[in-house]
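Student: These protein sequences, in sequence, are chains A and B.
Every letter in the first sequence is one number past the one before it in numbering that gives the first Met the number 0, and letter 81, counting from 1, is 80.
Every letter in the second sequence is one number past the one before it in numbering that gives the first Met the number 0, and letter 285, counting from 1, is 284.
Note that these hints are calculated values from the structure, not bench results.
Only a predicted model underlies this, so the values are computations on that prediction, with no experimental measurement involved.
Ideal Cβ positions, reconstructed from N, Cα and C, are used throughout, including at glycine.
Take the hints with a grain of salt, since some may be wrong.
DSBU-like, lysine-lysine: derived pairs with alpha carbons at most 35 Å apart [said to hold, decoys possible]:
1) B:Lys34 - A:Lys155
2) A:Lys322 - B:Lys2
3) B:Lys34 - A:Lys322
4) A:Lys95 - B:Lys34
5) B:Lys2 - A:Lys99
6) A:Lys53 - B:Lys173
7) B:Lys34 - B:Lys250
Ranges between beta-carbon positions, derived for each pair [said to hold, decoys possible]:
8) B:Glu343 - A:Phe299: 54 to 60 Å
9) A:Arg66 - B:Tyr323: 20 to 26 Å
10) B:Lys243 - A:Leu292: 56 to 62 Å
For reference, the chains in residue letters:
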Amino acid sequence: MQIFIDLANWLRAWILGMGISTTATELILTAVWTLVVILFVLINLIVLVWIERKSSAFMQQRRGPNRLGPAGFLQFPVDIVKVLGKEDITPAAADKFIYKIASTCAFVTAIVAIAVIPFGPGMVLENLNIGIFYFIAIGSTATLSLLMAGIASNNKYSFIGGMRTVAQMISYEIPMVFSLLGVVMLAGSLNLTDIVASQKNMWFIVPQCIAFIIYFISTVAETNRGPFDLAEGEQELVAGYFVEYGGIRWAIFMIAEYGNLVAVCAIATIMFLGGWNAPFGLTFLPPFLWFMLKVYCMIFLFMWVKWTYPRIRIDHLMHFGWKFLIPVSLANIVVTGIGIYVYRMITG
Amino acid sequence: MLKTQELTLNLGPHHPSTHGVFRCVLNLDGEYITKAVNHTGYLHRGLEKLAESRTYTQFIPYNGRLDYCSGMLNELTYVTAVEKLMGITEEIPERAEYIRVIMSEVQRLANHAIYFASMALDTAGATAWFYGFRDREKCLDLIEMASGQRMMPNYMRIGGVSDDLDENWFKLLKELVDYMPSAVDEYEGILTGNEIFQARTVGVGPVSKEMALDYGITGPNARASGIDTDLRRDEPYSVYDRFKFNVPVRKNGDSFDRVMIRIDEMRESIKIIEQAMKDVPEGPIMAKVPKVLKPPVGEVYHRIENAKGHLGFHLVSDGSTKPYRNHIYSPCFVNLGIFPEMAEGLHLMDAVVALASVDIVLGEVDR
Numbered sequence: 000m001q002i003f004i005d006l007a008n009w010l011r012a013w014i015l016g017m018g019i020s021t022t023a024t025e026l027i028l029t030a031v032w033t034l035v036v037i038l039f040v041l042i043n044l045i046v047l048v049w050i051e052r053k054s055s056a057f058m059q060q061r062r063g064p065n066r067l068g069p070a071g072f073l074q075f076p077v078d079i080v081k082v083l084g085k086e087d088i089t090p091a092a093a094d095k096f097i098y099k100i101a102s103t104c105a106f107v108t109a110i111v112a113i114a115v116i117p118f119g120p121g122m123v124l125e126n127l128n129i130g131i132f133y134f135i136a137i138g139s140t141a142t143l144s145l146l147m148a149g150i151a152s153n154n155k156y157s158f159i160g161g162m163r164t165v166a167q168m169i170s171y172e173i174p175m176v177f178s179l180l181g182v183v184m185l186a187g188s189l190n191l192t193d194i195v196a197s198q199k200n201m202w203f204i205v206p207q208c209i210a211f212i213i214y215f216i217s218t219v220a221e222t223n224r225g226p227f228d229l230a231e232g233e234q235e236l237v238a239g240y241f242v243e244y245g246g247i248r249w250a251i252f253m254i255a256e257y258g259n260l261v262a263v264c265a266i267a268t269i270m271f272l273g274g275w276n277a278p279f280g281l282t283f284l285p286p287f288l289w290f291m292l293k294v295y296c297m298i299f300l301f302m303w304v305k306w307t308y309p310r311i312r313i314d315h316l317m318h319f320g321w322k323f324l325i326p327v328s329l330a331n332i333v334v335t336g337i338g339i340y341v342y343r344m345i346t347g
Numbered sequence: 000m001l002k003t004q005e006l007t008l009n010l011g012p013h014h015p016s017t018h019g020v021f022r023c024v025l026n027l028d029g030e031y032i033t034k035a036v037n038h039t040g041y042l043h044r045g046l047e048k049l050a051e052s053r054t055y056t057q058f059i060p061y062n063g064r065l066d067y068c069s070g071m072l073n074e075l076t077y078v079t080a081v082e083k084l085m086g087i088t089e090e091i092p093e094r095a096e097y098i099r100v101i102m103s104e105v106q107r108l109a110n111h112a113i114y115f116a117s118m119a120l121d122t123a124g125a126t127a128w129f130y131g132f133r134d135r136e137k138c139l140d141l142i143e144m145a146s147g148q149r150m151m152p153n154y155m156r157i158g159g160v161s162d163d164l165d166e167n168w169f170k171l172l173k174e175l176v177d178y179m180p181s182a183v184d185e186y187e188g189i190l191t192g193n194e195i196f197q198a199r200t201v202g203v204g205p206v207s208k209e210m211a212l213d214y215g216i217t218g219p220n221a222r223a224s225g226i227d228t229d230l231r232r233d234e235p236y237s238v239y240d241r242f243k244f245n246v247p248v249r250k251n252g253d254s255f256d257r258v259m260i261r262i263d264e265m266r267e268s269i270k271i272i273e274q275a276m277k278d279v280p281e282g283p284i285m286a287k288v289p290k291v292l293k294p295p296v297g298e299v300y301h302r303i304e305n306a307k308g309h310l311g312f313h314l315v316s317d318g319s320t321k322p323y324r325n326h327i328y329s330p331c332f333v334n335l336g337i338f339p340e341m342a343e344g345l346h347l348m349d350a351v352v353a354l355a356s357v358d359i360v361l362g363e364v365d366r
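Between the sequences and the hints, there should be enough to build the whole structure, so can you do that?
Tutor: Spelled out as structure tokens, the structure:
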């Protein structure tokens, strides 16, 4: 059932068999797995974009992409090839250096967040003791790249988009972290593998259902997806912070957005949905597949919300974040704390 | 102290939410609008001047290019104005009058569906947009079947209509009429009943009754502000006096009311079509009008209830085959005039919604 672990062990044995030292073997293996994870995330994008386009088409009574490949499956790879061929335009008045690195920064933060996510038992690039803390820290830096893009473009629309991004992401970072805190208190660990292991009997969505809802709402805002896609604000800001970007630089922003989506959905799965643990003892699927299935269900939920609701106004968004989500998430922490205390008193 | 200054933002003419090539220069304090100035004219084609070098009949197709979301209604306004000028209003065959009414209401349904769709898109509800366009396409299919064109039908003629309708067409019309109420219910379910949408539109860009009267707002926008006016009822043209329908009126005059008034009107339009299709008489579809039209010297002003308000044509005849002057009183232009006052103090996101809610089509604003 652990194909990837077996594969890793076989590869390790093979490299060691060639007479290479243990340290060098570990270095090579880390490089290989990093590459595999990055490729996995990128290939995942093809599936995600396809699902997004097909599901939105279904909701909107259209057909969606249906020309390239079976059911339009190859549309996204071909689109990427297309944008690679586009001219790379930098606005004359832009801050050229920052303008050019902004899209790359957004992409890097999206990819780097994947590093601590355990896809299955033992299947984690870096089993950090403070995994969830690392994820939150990396997630916060995503704000910076969008602000860089917004200000460096030297365009009024993207400037407003950049300002909105900062306001929105900082406001929603707080309830997101608070909602994760309840789970951390229950699990007693910041290590993601340990958190999954402690959900063997009961997923944390049951005791932490309020936290899950808060997490879901604030991550929709964190990943800039509808109905909280104010930073893009297509109707009033045209495309918001990346209005000046074209060709592959624009595509990298889109890839980063999907990368973030995968990351936050993976974290939701790990923190609330039991990670790779099979529900109801249905262990006929390998843990890795269970994990991915849950992640995809979460992602579909994001898409469903995006394609149903109109966009919320920014002052409503702020009020909702500061006056509702933060107090509720704080109350959740207090209640969780009391609950843990009482539970320990009863069980001794 | 940090220095702050107002941001001047040029909204349009190339902007996804200006419904064409409307340009508005906004002064922004943060994201709140302190001043808005309209700039129109980017789609000016000189249609009024063109009319002076076309014969009366030749100008009919240009009407579809005025307000390209309600071509039939524009044509009806023009041909009835010419008929009034020639004094042949009484000679129009009954069947033609009924067909005109049915076509007008089908076109009104199409127009309100596209209004709903663009309203949905301007609040970023892309899915609701498709719902609106789906039904608009059903209406346009009928128009296309009758006239050969979707948006620029060129169907109305001075003295009647160009083509007769057969039984099959009426069967399809029946299907549309049976289907539309459920579609309108869907609109209310997916968009206007949505809490986010209500938060975005209720109380946004309110236009009081006095303000609406001052600016000369007509049509659904006036009715949303509490002015009980509808030319179909107040100055019945064609055979509108034979049908029973309500004129929905709302009080608040905000963006939400402007949306809801259209939704209500769609239901009323369906009622009118239902009544009209029941007793369409047999007979000719064209009155006997001369091939070369030479209206007597004089002038006439005729207006009807367009989908967007009072559309009027002022025709001056010098007795020749061409009008001396053709002035178009455009409801879109008048309704757009209120935007600067409405936008003041609004958030940038709300301004886009408020602009969408007054329902402008730049083809008619700039003419």
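Student: Going through the numbered hints above, which ones does this structure break? Give me the numbers in ascending order.
Tutor: 8 and 9
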